[in-house]
Amino acid sequence: MKNLLDILSPDELTVLKLRGLFEEKGYRRYHSGRFEEYRFYLENQRFLSCDMLISFNDLDGRLMALKPDVTLSIVKNAASGGGLKKLYYIENVYRPSPTNRNFAEISQMGLECLGRVGKQEISEVLRLAYGSLKLTEVPFRLVISHVGYVAGLMRNLRVPLQRRAAIYECIASKNPHGLRLAASEAGLSQNGAELLERASMLSGSASGVLKEAAALARNTEMERAVNQMAQAIDGLDDERVLVDFSIRGDEDYYSGLMFAGYLEGKSRMVLFGGQYDNMMKKMNQEGGAIGFAIYLDELFGR
Amino acid sequence: MLNIALPKGRLGEKVHGLLSSVGYAAGDLSDMGRKLVFENEEAGVRLFLVKPSDVAIYVEHGAANIGIVGKDILEEDRPDVYELLDLGFGKCRMCVAGPKGFADDGCGTLRVATKFTNVAARYYASLGREVDIIKLNGSIELAPLLGLSDLIVDIVETGSTLRENNLAVLTEIMPISARLIANKVSFQFQREEIGRLREILAEAVGAK
Chain A
1 MKNLLDILSP DELTVLKLRG LFEEKGYRRY HSGRFEEYRF YLENQRFLSC
51 DMLISFNDLD GRLMALKPDV TLSIVKNAAS GGGLKKLYYI ENVYRPSPTN
101 RNFAEISQMG LECLGRVGKQ EISEVLRLAY GSLKLTEVPF RLVISHVGYV
151 AGLMRNLRVP LQRRAAIYEC IASKNPHGLR LAASEAGLSQ NGAELLERAS
201 MLSGSASGVL KEAAALARNT EMERAVNQMA QAIDGLDDER VLVDFSIRGD
251 EDYYSGLMFA GYLEGKSRMV LFGGQYDNMM KKMNQEGGAI GFAIYLDELF
301 GR
Chain B
1001 MLNIALPKGR LGEKVHGLLS SVGYAAGDLS DMGRKLVFEN EEAGVRLFLV
1051 KPSDVAIYVE HGAANIGIVG KDILEEDRPD VYELLDLGFG KCRMCVAGPK
1101 GFADDGCGTL RVATKFTNVA ARYYASLGRE VDIIKLNGSI ELAPLLGLSD
1151 LIVDIVETGS TLRENNLAVL TEIMPISARL IANKVSFQFQ REEIGRLREI
1201 LAEAVGAK
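Chains as they are written, first to last, in this note's numbering: chain A, 1 to 302; chain B, 1001 to 1208.
Hints may be right or wrong, so weigh each one.
What the hints assert, rightly or not - Per the computed footprint, the stretches of chain A lying under chain B, defined by three or more beta-carbons under 8 Å from a beta-carbon of chain B, are:
(1) 173 to 179
(2) 229 to 236
What the hints assert, rightly or not - Quick look at which bits of chain B chain A covers, simulated, 3 or more residues with Cβ under 8 Å:
(3) 1006 to 1020
(4) 1179 to 1190
Since the hints were made in silico from the structure, they are not lab data. Where a beta carbon is used, it is the ideal one built from N, C-alpha and C, also for glycine.
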């Protein structure tokens, strides 16, 4: 057996170790086809990082698309039936390249936990994300966030719906000067704008930021978000776990904890995930869901 | 060590001067013709001058941890970087300009010459106006004079070039100034160094 493992490249060995990590926790491999109907992605466009797809007509005339994402297909096809489904995948997806103006075949590995997802499952998935980064043996950061914290603050400050996208964009790019302008255009008072800036720009070591975030919470939605983050990272609280509200996902799909993984020396994030109960509801599936993707091209690239 | 990408030209010189004044001096700009990289080990910085439109590319790809770039380029290229500070200098405006008194009658397709094709396309899409965008790399003001385009979208500092050519600003699309940007991965690993430099620069330019 030792000889067989010796023929694996370091990258293949990493994938094998990740599989071992996931299988040990009861995750089973999911194999997906390469395409879905085009309209499926059109209906769920906001979940995708980009709306450009490679499309073609199937022999029966239906407009199809090469998969830009695996999670949507898993949610659609692997209903939990009220129980708990733990799946992982290693698949290629097709999206515009982040570095040039062409489509790219992107290798992705990920896991999804669907159905009766509770505190224990959320904590397990976050630990698996942490474990995945750790087994690369490269210095890493796991950065967590919660959709409910800034969303709760927006509701507390009564930010008009049509003004929220501009505010979220500034938070995502850590742009305080743009945020002040967007807050003023949204009609926020000076106190409101200052609170929005202080709370949404919180970033740093988990324990410190969570204390500040709790002190700035203005409603139960924000308090719940802080408590859920604290519960999820319980026992993972080291200098490699950070809290940063610039990590976010679309509220129509994501519903709670969000997280991103970074490796030193890489130019982009290598891991991204979160809770997506709202997507489950949108697709008429029972229960909640949490999962993450590991971008293998980023992980194994320079 | 922080790798800092600066734009060649006046803006880069100003930022180099500013960095020197706050203790991040590295090299003499007069050597910049020969030398490409300047290092100040004590201050923990390495500076390099690149084409202004390349600054964000260096930062997005992680070759530079941070950089200074005009908002015009950020709006045009929309790189995936953090925009940490408005330095408040290098001020100008992104404008629609054209012959004095030009009024769009809304008929036919409007021809717009610009270096900033994405900014122009987004602006006219927001108005629902059909346009032909003509990409030029320089001397944009010439386009309406020679009938190449009806209007231009360009950055305007004082407006003197426009006035000399009987052109005028018709609409201001957005104000522009220099911004401090950071690579998203570098930020997670060099929070303290980047944060410290941001605070020092903010104080030096009187920003928050």
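Quick check: which numbered hints come out false for this structure? 2, 3
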